[in-house]
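Q: Listed below are the residues making up each chain.
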Amino acid sequence: MNKKIKVLEKIARIKGVREFLLVDENRVIKSHGAKDPEKKAESLINCSQKAGSISKSGYQYLFFSRENQNHLLVFPVGTFALGIIQEKGVNSLMLANQVKKALKDIDFLYEIKESLTHDR
Amino acid sequence: MIAFCEDCGNKNHLPDQADGTKRIIFRCSRCGYPNNYAVQDTPHPDNTCEYDHGHGVGVFDLLLGAISALPEIDGSFVFSNADGLIAFNMPGLFSEKQTKALAVLLEQTYEGPKQVYRGIKDMVLVTQNKAVLVKSLGRSKFLVVVAARFPLPVQIMEKLNNLIASFGKKRSKMTL
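Line by line, the protein sequences are chains V and C.
With positions in the first sequence counted from 1, the corresponding number in our numbering is that position plus 3.
With positions in the second sequence counted from 1, the corresponding number in our numbering is that position plus 1.
Source of the hints: derived by calculation from the structure; they are not laboratory data.
The model shown is predicted, which means the values in this text are computed figures rather than measured ones.
Straight line, CA to CA, 27 Å or less: simulated DSS-like cross-link-like pairs of lysine-lysine:
# : chain 1 : residue 1 : chain 2 : residue 2
1 : V       : Lys103    : C       : Lys136
2 : V       : Lys107    : C       : Lys131
3 : V       : Lys13     : V       : Lys91
4 : V       : Lys104    : C       : Lys131
5 : V       : Lys38     : C       : Lys122
6 : C       : Lys115    : V       : Lys91
7 : C       : Lys115    : V       : Lys33
Reference listing, derived: stretches of chain C covered by chain V, where coverage requires no fewer than 3 residues with Cβ under 8 Å from a Cβ of chain V:
# : stretch
8 : 99-109
9 : 123-129
Idealized CB from N, CA, C, for every residue including glycine.
Taking the hints into account, I'd like the entire structure generated from these sequences.
A: Here you go:
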């Protein structure tokens, strides 16, 4: 199985993840269920970079509450940003912890790089 | 001395306490709430200020004072897109200059996703040892609360939300 699919499927399988978007400065690396991913990508990477510059040790995640209860979570993944829209009614904190764990459990950056190499 | 009610934010005038007093216990003169909380050290004058940008001096005093007195809360401030830093109460945490820099970065972090994700209300930035809550106070003003951890205990979060809600009601009445 392609490594990229393996990594991102792990996150997509987390209960409560409605959509996700992995972006870097130049492009959308991978999106799942997201509408207008290109439009959202720039906003996500910019906000992740700003948040990362607030604390010397970076940030763990950003949580944006939304009126429709599909809250937005943003995680730093090296120089990438991972944006996740959660399902309504899901415990945001538990979801954030699960995503953090998933990001820790895998050598995410390595696998992304590998997958990009395979794609060329 | 002046003490703020944890429940309604009312300013209560109490007899001066003896030096070294660590807790104050009193019943709010307005709502009757039995307050019992630790008193923070007197903030350094450089770390507390209030600006008047046409909003009226002291408008945010009650709110920031009451919020900063809550357990697990390190400080708070209010900023606006147009006027920058309006008021702050960050005892022992950040200087005015640092708070302004933080406000600019938080504003940029908060505003970006609002352009593409509909209905964004509040933001929480979680770092290794702090949590920064950004709450909208209307169209252009934002309340920032720096907490020791996230999530805050339910009781503290409820008190914080009540303070903000009651402040919003007061502001609405003033506007009307």
